[in-house]
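Student: With the hints as a guide, dock the two chains, each given alone in a separate frame, to form the complex.
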Amino acid sequence: MIATFLLLAATSGLGTAPSSGQIAFLAGVEQEDRCVHVLDLANGSLLRVGQGKRDGAPNWSPDGAWLAYVTDAPDKGTGVRLVHADGTGEQILRHSAENVMGPARWSPNGTKLAYTSGEGLIQRVMVYDIESGEETAWGGDTVPLLHPVWADDSRIVAVGVVGLPGEQTTDLYWVTPKGANPAADLLASTGIYAEWAPATDAEGRAVAYESNDGGDREVFVHVMKLGTVDVSNHRTPDWNPVVSPDGEWVAFESFRKGRRGIFRVNPVRVLVYEVAASTDWNDWAPAWSPDGSWVAFISNRTGTPKLHVTDLTGENVKALTDHRLQDLAPAWRPESKQ
Amino acid sequence: MNARGVFRFLKVSNNVGLCSAGVSPAIPAMQSRWGATALHGPRFVLEVLCVCAFIFAASTSACARDAAGLLDIVITPNDGMPAMALPGAEFEVLATAPAALVLEANGATHALLPEWSDVPGGRMRARCAIPADITPGLYALRARGADREDVNLRSVYVREAFPESYTVAHITDTHIGSNRNTRTSEDIFTELIQKVNATPAAFVLVTGDLTESGEPEQFKQFIDILNTCTLPTFVCSGNHDRKELNYERTFGPDSYVFWFGKDGYLVFDTKDFYVADDLGSQAADIQLQRRAIKGARWSIGASHRYEADMGMHTQLALFIDDPLDWFIFGHWHRENTAQEKSVPWNAPGGATRITVTPAAINGAMRLFEIGPAGIVPGEVQKAVEVK
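Protein chains in written order, with numbering that gives the first Met the number 0: chain A, 0 to 337; chain B, 0 to 386.
This is chain B alone, in the form it adopts within the complex (with noise of 0.2 Å):
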């Protein structure tokens, strides 16, 4: 089997995870976008086959995450904050307890040589090398602790390159668990994930209110759905997802940065309130995050809400001190007006742009080309009916 066949039944295998859904609306976007040949006929059924073999080794001895859903030994990456690397290249694990690390990709495996080293609140840390002769694909990682094993299926995507030009999917305010219109808001979000596998995109964010009330089996409906993607997925929360540690429980640390190629993200929580309020550790996290993207082509900012009275270290740090080329949110449950292009903060060359994607409780999306050139976003996408 050659490298994009494995990538492609790792494709094909999450559609398979979610059988309500189907699997045929994901392949043609697999098609176009690695190339693959046909999939019909006996080789369609082998490789449906091969998948379902990939899904119960996976699965026999350990799901991913435990059986409510939540994070178990492996924090990060997982299937809301993936790692994406060149094969050679290194990611990081943040795990709950020192474990033996596999990579593993329809039966065959990888093993990592992490070195832990401990993190404040009982959490350990490993740099892992990804093998140099790997093929390109997304890849499970397993993790052996002393007294039980877990697996993220969509936690490692090893990619061929990273293109200078590339499309990124925005999707924010899915609200699972709402009855805000005539069909569910599982039925619209599995439709829109649909048509978000049809697009070129590299990956897609997800800026917040994932959930209505922050319950768990919310989280847990999201996930599913989730992984019916066929591409990476970046997700933060929302005000409406905080209930507890919930999200936390579910997705790990409530802010992070990650690279595509040269460009720097800056994925943050902004819940209710919660960067409002200068008081607590996240101004700091931010600040350091920010710093960790200073030297990037773009630099990109993805939340859930923005206020121009929010934290103002928070402000300070993304829009003044260090500005962001671009900042992209929802919770407005609209699309941002001529008037507002931009944060309220002058900056050198120019206050932070903004852009607000629509709800996708209510059907919308949106793309975003990013080159050389500059960020463009994409006209909003009513991709998905919801009455």
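For reference, chain A alone in the conformation it holds in the complex (with noise of 0.2 Å):
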């Protein structure tokens, strides 16, 4: 399942690349070959660690030992598969359920895994416990929920889908074991405005979305004691919020310069910076690097799409793959167990 393959990132492209760590990401030549893959960045050499059957983005585990991602079920649907950044110690986990919707996205502590299952637009937050293997719906039946991620080890934001058909849009929850609440204290309106795509920073300090509340598109940061904001305020679309994991700053994706192109942007200054835009190609897909000095994306900028790595300048863009597959969904793994 493993193979080798020596990178020719390290003379291709402009620019300085951090010299160690560790990029997970998915790379094939359509969804249907799309498999996980691990740079290692100190040496260039790159591993094909998943299966290799309509791989989704894979997440780490806190600590780094881990990595996690929905592929296609040994049998029929879909699951969550977990592997080792060198691609020993598979582990195929047991579900309820047929179909898995990821990504699978790992508690704080790295004890517990959340994804969807369902059909449709109905779907159920479901944890599974690591240590036990044990899973259990999260969120109560009262409303579909969609796009888990943690807030601590004992909560998760969500989108709950509401309303009824033809009438429907989305709102942020808080999910516990015990049921599913508006998270009213995230947003500045509920039922009206359609959210998406919650993420926090490492530690639950800050939890940020995106929301068409204000026209088109925007993204809004919720600092714990502070308040919400809309950080981003563009008349074109901003949306994919990253928190950083420090939570300093929030990279996100926006249309501003034509195209879609990163930018980051402090939750309390709301100062908006360039990280890679760009009017004729596209790039997306932020993924910070464990000490927040770099971000990982994904590039069409020779046409096809590719892992590159930026300072927070914009200034030295460097591709780290030239193969010729599509590369998408970076993640960094995180340092302190590397």
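I should point out that these hints are in silico values taken from the structure, not numbers from a laboratory.
Wrong hints could be hidden among the right ones.
Just a few of them, taken from the derived set where beta-carbon distance is under 8 Å, the chain B residues facing chain A [as the list claims (entries may be wrong)]:
id, residue
1, GLY120
2, GLY121
3, ALA125
4, ARG241
5, LEU278
6, GLY279
7, ALA307
8, ASP308
9, SER341
10, PRO343
11, ASN345
12, ILE353
Each computed DSSO-like pair below joins lysine-lysine, with the alpha-carbon atoms no more than 27 Å apart [unchecked claim]:
id, chain 1, residue 1, chain 2, residue 2
13, B, LYS381, B, LYS261
14, A, LYS75, B, LYS340
15, B, LYS242, A, LYS52
16, A, LYS317, A, LYS256
17, B, LYS340, B, LYS386
18, B, LYS293, A, LYS256
19, B, LYS194, B, LYS219
20, B, LYS194, B, LYS381
21, B, LYS242, B, LYS219
Ideal placement from N, C-alpha and C gives every residue a C-beta, glycine not left out.
Tutor: Listed below in structure tokens is the structure:
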């Protein structure tokens, strides 16, 4: 299952790149054969560690020991697999439902995984306990829930689908084992605008999300004790916020230069800086390095989506792969246990 | 020869191009649509000879696409994504290499003046102005590159006008290469195209599952039959068309926008769950394309498939933040019911309405009437007997 390649990346692209660390990402010709890969920045080696059957976005456990990703299940449907960064120790999780929708996200203490399962929009948040192997539903069944992210080890923020068919919209919900409640503390209003893509930092200090409150899609950030602020505020759509590990910055994608690009904003000072953006190509899927000084991302500046990295100034962009595959969904390995 | 004559010859030429299907079924449609006089007697023979001369002239130096039926120099416009424009208007050409471009119709040529610019991925783009004094009609686009040339016979439609009210034909799920009925899929599609040719439609949407399994020879068969259509044809792929990058090699981009007068059409590919996938670049492309038709009188989406758990950024763009007026698709091989009249999402002015047309492989098609008052889907027509 594991194949090793030498990267041409060391000689491609411009600028400098971090000299250590590992980045997991998807690579494939098309969706059917997407596979989780791990790039070692120290030596340029690239390992194919996934199953390679419609693999979904990989996520590192907080200690960096495991990767979790949703992929085709052995018999039918989809399920979560765990694997080490070197491709060893693969575990296939057992689920109560046939279809699991990812990404599977780790709780801050690394003991649980959250994802959804169901049919269509009728999804429930499922939490898998790594030690016991038990899967339990969180949030009850009063509202369909999508896109769960952990706020802390006992609470999840998810997107609830509210309203009758033809009148549905989305709101953020706090989800616990006991039920789901509208996250009125995060939102300016509920039931009016459509929220999506909540994201949190590693310690639950900030919750970022996108909403069409304001006319088009904007990025909002709720900083605990400070309240919620529209941090992107532009006449073009801004979406997919990603909070830096220290909670200082929120990277997000914006169309303000005509194509999809990556920007960053400090949620308190609310000043937006360009990280990678162009009028000619798309840059997307930002992933923070553990120390917050680099951003890995995907760019199709050469015509095919490829893994890139840049410092926060955006002046040192470097291509990290040079293969025929399309790269997607980078995730930087946490630093603590590498 | 007058303008209508030129156009009529090109219409006939497409039928001649499919010799096995014959030419006669499409001729009445041409007469009604373009006001042509009756084609019969010595004049008919003369016109057919002229058409044959056009085909010969267009095919001696190169054929449309390459020998395998794949796109060569010009990626778009092509016979699955043609340009429609008025004399003097511009259209965009996407190519693999810079080339001299010429519009050709029945021996007459009109050189274009492309100004090429680079596109990421080693491609080139040019805006091309159609000569203001050109005769409306169908034109082949010939590209002469440094070492080769190609020509696409059904790529540029120069129109006299874009009427406020018009008809659109919808075909979906042709499944070329399948054996699910007594008649072959090719036979059914051929007759269906003849039936479409007899309608007053301004153009045809063909929304995916063009082939049974995405094989190159199936795409080739599909194109051969598609090119018997006397109307502009706009295609997208479906889940059955996903085999390597065969669709892209055959028709180019997997999502695009075109205008018919004041109305904007966004045609995109759902493949299997391609747009359910927020990971790739397509959600951004669709966001930009949706914004490109924001000022349209009617904004109409056409795709192969819709499921409520598709990629949310695509759904946000199309149905919530900037809702389409109407969304046309197939895949279900049945009509949508009265309970399935819209996408589930709330939007100012009401949720985006949907219309699902049953499969062409089962002989079905549908016409839409579009005008100032709105978009009116017609009844499903069981146009072809498939047993």
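Student: Answer holds if the nearest beta-carbon of chain A is closer than 8 Å to that of B/GLY279; otherwise answer violated.
Tutor: For B/GLY279, the interface hint holds, since the closest Cβ of chain A sits about 6 Å away, which is under 8 Å.
Student: For the restraint on B/ASN345, tell me whether the closest CB of chain A is nearer than 8 Å.
Tutor: 4 Å, holds
Student: Please verify whether B/LYS293 and A/LYS256 have alpha carbons no more than 27 Å apart.
Tutor: Roughly 18 Å separates the two Cα atoms, so the pair holds.
Student: Return the status of the interface hint for B/SER341: holds when the least beta-carbon distance to chain A is below 8 Å, violated otherwise.
Tutor: For B/SER341, the interface hint holds, since the closest Cβ of chain A sits about 5 Å away, which is under 8 Å.
Student: Does A/LYS52 sit within 27 Å of B/LYS242, going by the straight-line distance between their CA atoms?
Tutor: The given pair, whose Cα atoms are some 15 Å apart, holds under the 27 Å limit.
Student: Tell me if the interface restraint on B/ALA125 is satisfied: Cβ within less than 8 Å of some Cβ in chain A.
Tutor: 15 Å, violated
Student: For the restraint on B/ALA307, tell me whether the closest CB of chain A is nearer than 8 Å.
Tutor: 5 Å, holds
Student: Is B/LYS194 close enough to B/LYS219, meaning Cα to Cα at most 27 Å?
Tutor: Distance of about 21 Å is within 27 Å: holds.
Student: Check the hint pairing B/LYS381 with B/LYS261 against an upper bound of 27 Å on the C-alpha distance.
Tutor: Outside the cut-off at roughly 31 Å; violated.
Student: Are A/LYS75 and B/LYS340 close enough, with their CA atoms no more than 27 Å apart?
Tutor: 32 Å, violated
Student: Report holds or violated for the interface hint on B/ARG241, using the least CB-CB distance to chain A and a cut-off of 8 Å.
Tutor: 7 Å, holds
Student: Against chain A, with CB atoms and a cut of 8 Å, does the hint on B/LEU278 hold up?
Tutor: 4 Å, holds
Violated hints, listed in ascending order, are 3, 12, 13, 14, 17; each of the other numbered hints is respected by the structure.
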